[in-house]
Structures are given as structure tokens and as C-alpha cells.
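Each protein sequence line maps, in turn, to chains F and H.
First residue of the first sequence: 1, per our numbering; consecutive thereafter.
First residue of the second sequence: 1001, per our numbering; consecutive thereafter.
Careful, some of the hints might be misleading.
Simulated DEER-style distance windows between Cβ atoms [what the hints assert, rightly or not]:
hint, chain 1, residue 1, chain 2, residue 2, range
1, H, 1182, F, 258, 21 to 27 Å
2, H, 1175, F, 84, 33 to 39 Å
3, H, 1189, F, 237, 21 to 27 Å
4, H, 1135, F, 32, 50 to 56 Å
5, H, 1182, F, 170, 32 to 38 Å
6, H, 1193, F, 291, 37 to 43 Å
Keep in mind that the hints were calculated from the coordinates and are not lab data.
Note that the coordinates shown come from a computational prediction; the quantities given were computed from them, not determined experimentally.
Just so you know, even glycine gets a beta-carbon here, dropped at the ideal spot from N, CA and C.
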Amino acid sequence: MAFTYFRLGLVSVALGLSLEAQTKVERGIALNPDGAIRIYALVGSVRITGWNRDSVSIRGTIGKGNTFHVGGAKAGMKMFVESMDQRSSTASHLEISVPVKAKIWVKTATADIDVSGVTGSLDLYVVGGTITVNGNPSDVNAEAIDGDIRINGSPGWARAKSASGLVSLKGNSGDVTLSTVSGGIEFEGRTERGKFETVTGNIRYAGTFLPRGAINFDSHSGSIDVTLPEFIGADFDIVSIAGSITNKLNSTKPIKGRYGRGSELSMSNANGGTRVAIRSFKGPVSLMRGKQAQ
Amino acid sequence: MTDDIVDEQRLQELLALTKQLPRSIDPPSGAWGQIRSALEAEPSSSGPRTTGPFSNAVIGRADAVRSTRFWQRPVFLAAAALLLVAGSSAITAVAVRRGDSSRTGSQQAGVQPTAPRQTEAQIAAAPTTSPATLAEFTAVEKDYIVTAQRLAELLAVQEDKLAPETVATLRESLRIIDNAILEARRALATDPANAALVEMLSGSYQKKLDLLRRTAEMARS
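With the hints as extra help, turn the sequences into a complete structure.
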């Protein structure tokens, strides 16, 4: 197991701090440029910033009744805020500078997670807080239950899931999956393989596709608005079981659904290319013409 | 049989006799004609053939036989599909009610819920690929329901680790997904052959499982 040394490190390095009241914390630990970091916190905030040093700097305040532990070795380290009472934990706020290429794993209860300037991989989990990513990590896997997830940048691939929160990605990514139950989904940028799915949330896609890609949109009752450049090469297969389809990308008209209701639209735009499948049960689907791709 | 009861001389005689037997023999005279007649009388099960050994007259006889089979008529097939949908809906309703009542019951009695019996491997055994047809969906729907039930039980045990507002959000999200499932089911009862509906229904179940699984995982840690 890759993180076994974390446990050994925690025992051998033993940098645990037991804090009786809200206390400032300030630590510096050496870490390889591509080292791994695991962070666990409950309430408050975790702000992570990439920097061009082979070390980790931790600053912040630890809430009353909480205990802060940190330890590890150069290949990887682990830190966590332990609360005496998890039901009413006080807020701890951590500001952590990490090597730009570090691999980050963070899990919190309601503490907001903010990551910027990191190019390594990110695994971010929050139950009820907000996740914000700024920069170009190699990959992002972000999950929330009732919090927003906002990614501003161009990760190599991105997976973001929330139940009721908004999930958005503004930037370019080769492979994107954004998913919610009732939260909205927003994408602005360019992708090759994309999956955008919700139950009742609204999906808004504005941007373009890379050639020969595959993009899927799926909604039960939320609206799906897709804005694309006029001459985007794509093959569309759109089905709305009981909803409407509006096409303002070109002059092709949707037809009545093959089962006597709803709408369908199968067409190629600009000689085709990327396969675009849109499935909606009763939410309206709109194809709109936007700016020409750069 | 053991060595001491084998008569070696008798065995050698038997081997010599078998060597004299012919390598192959012809069937009794007239047997092939009877087989051919029987085959021609048998209706084709894979639809009418336009080429091959069967004459048009034979195809006509096969169609006539097929058309008399009531269970292959479109009306009966549609009724069977509706019955399947209604049946699986009933299973869903029973499973959901049972889950709610069992949790409520233990809470009312002030009994701490016991640890779930299911292992993660069992829960992970839920269908991961989307069925393409109603028949395929019906076959895997029980797995969806059982897995969702197990995950819900697992989550019920860990629910006190989550904030009340998170629990409320989770319940609301599950209610939204269940409504979507119900709506898609009703539509499927009207259009049993609608592949897009099957795809959507399956997708809704997978969303439900994914949400339950993710929440249980987060609550556990």
C-alpha cells in the first residue's frame, strides 16, 4: 500500500499537537516535488496552494477542542484535524503550500476545500462544503453531497459529482464527467469526451468539441442548453421522451417522437464528426449557435 | 473389477472379435426418407426462409402453424411486457416500504441498528452496465433494488455521523431520483419497446446507487 509509510512516518516522526484552545499552527516539512499528501479535516477550511519548493508549509488556526496531527516522510505525508466531538466540531482553518506537482487527497465534512496552482492529481471529497479548483492539475476527482464544485482551469481529465450542489468547469479538458441530482451543471470550454448528467438540474454547455469525440448529455426534467460554434462538426442524436427540442444551430427541424410524443432530432452539422447524444425525459433541449471556436 | 477376476483368454477373444467389426454401417433402408419427411413437417422456428431446402409450400405451412401460436401474437407480447413492468414496480414498492418500515421500527423501539450483514463485495456486485432492452433491464432490476436496499441499510447505520442538513439533502435527492424512476416506469409501460426509456431508467437506478454508495463511503470515514 502506497500510504503505509505514512503510518510509519506518523509513528516515527510524531509531530502531533494537542491543542486545548484555538491555536495557531505553523509547520514546515520536506517533501519530494511529486510527493503525496493526505489531509483530513472536519469543519472550517482547507486552502492549498502550489509553490516551487520541495517542502510543505502549514499555517492556520486549529479550533478549540481539536487536535492537529502531521507526519510522514519525503515521499508522502499525512495530516489531520481530530475533533473531540465530531457532532459539534469547532472550525479549523488550514493554509497549506505544497510542491506544484504534489498529489493531493483531501476529505472534509463541511470544511471548504480550495486548491490552486497544483499540477499533480487531486482527489477531493466534501460532504457539505464547497470545492474550488483553480489551475491545471493532471486530473481532478471531486465529490460532494450538498456542496458546489467549481473547477476553473484545464485538468487532463475531470470527474465531479454532487447531489444538490452546482458543478461547473470553465476551461479545457480531454475527458470530463460532471454529474448531479438536482444541482446545475455548467461547462464552458472544450472537450473531447464528455458526460453531463443530472436528474432535475439544468445543464448548460457553452464551448466546442475536439474532433471525433463523444459527448453525452442526460437529464430527466432539467433543461439542456448546448451552445456551439455554427460550423462545429458533429453528429447529433437527440431524444426527448416528453419534452421539446429547439434547434437554432442549423435549419434542421426536430420531428415528433417515434412513440407519438416528445421530439427527436438526428442530424449532422458541418459534415459531422463528434458524436453528441442528448437524452431527456421531459426537460427542454436547446441547441444554440454561439461564437466560432478559437 | 479387479485383476484377479479378469479372464484373460476371454478378453483376447473379445478383442479379436471387435477387430473384425466394420468401421461403419449404413442406416436401415428407408430411414433417411422418414427423417426427411419428419423435418419437412416441422415448422421453421427462425422465420420464413427464402432460400434453402424448404419449398414455398413448406414455408406456408410453417407460417400457418406459427400464426396459430397465441403466445407469439403482438397483443400477448405487449400484455406480457406490461405484466413484467407492473410486477417489477410492485417489487420496488415492497422493497422501499420494507426498508422504511424496518428503520422506523427500530428507531421507535429505541434499538440501536445492528451492523449490516452485507459485505462491500456483495454491494459492489450491482449491475454496472446499462441494459439495452426491457427484457435485459427486467433481468437486472432486482439487482438494482437489492443493492440499493443494502446501501440504504448501510447508510442508516451511519446516518448519525452526518449532519442533519446533509441527511435531509440526501433524502430529498433520493426522493427526486425515485420520482424520476417512477415516471420513466410509467412511460415504459406505455412504450415497452422504447430503448431510450430503458436507458434512462437504468441510468436513474445507477445514479441512485452511486449517490448511496458515495454517501455511505463519506459517512464511514
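Using the Cβ atoms, figure out if residue 1135 of chain H sits within 50 to 56 Å of residue 32 of chain F. The hinted range 50 to 56 Å holds for residue 1135 of chain H and residue 32 of chain F, with Cβ atoms some 54 Å apart.
Does the Cβ distance between residue 1189 of chain H and residue 237 of chain F fall inside 21 to 27 Å? holds, 25 Å
Lying within 37 to 43 Å: is that true of the beta-carbon distance residue 1193 of chain H to residue 291 of chain F? Holds, at about 41 Å.
Outcome of range test on Cβ distance (residue 1182 of chain H, residue 170 of chain F; 32 to 38 Å): holds, 35 Å
Could you say whether the range 33 to 39 Å given as a hint is met by the Cβ separation of residue 1175 of chain H and residue 84 of chain F? holds, 35 Å
Starting from the range 21 to 27 Å, see whether the pair residue 1182 of chain H and residue 258 of chain F falls in it by beta-carbon distance. Hint holds: Cβ distance 23 Å, inside 21 to 27 Å.
In this structure, none of the earlier numbered hints is contradicted; all agree with it.
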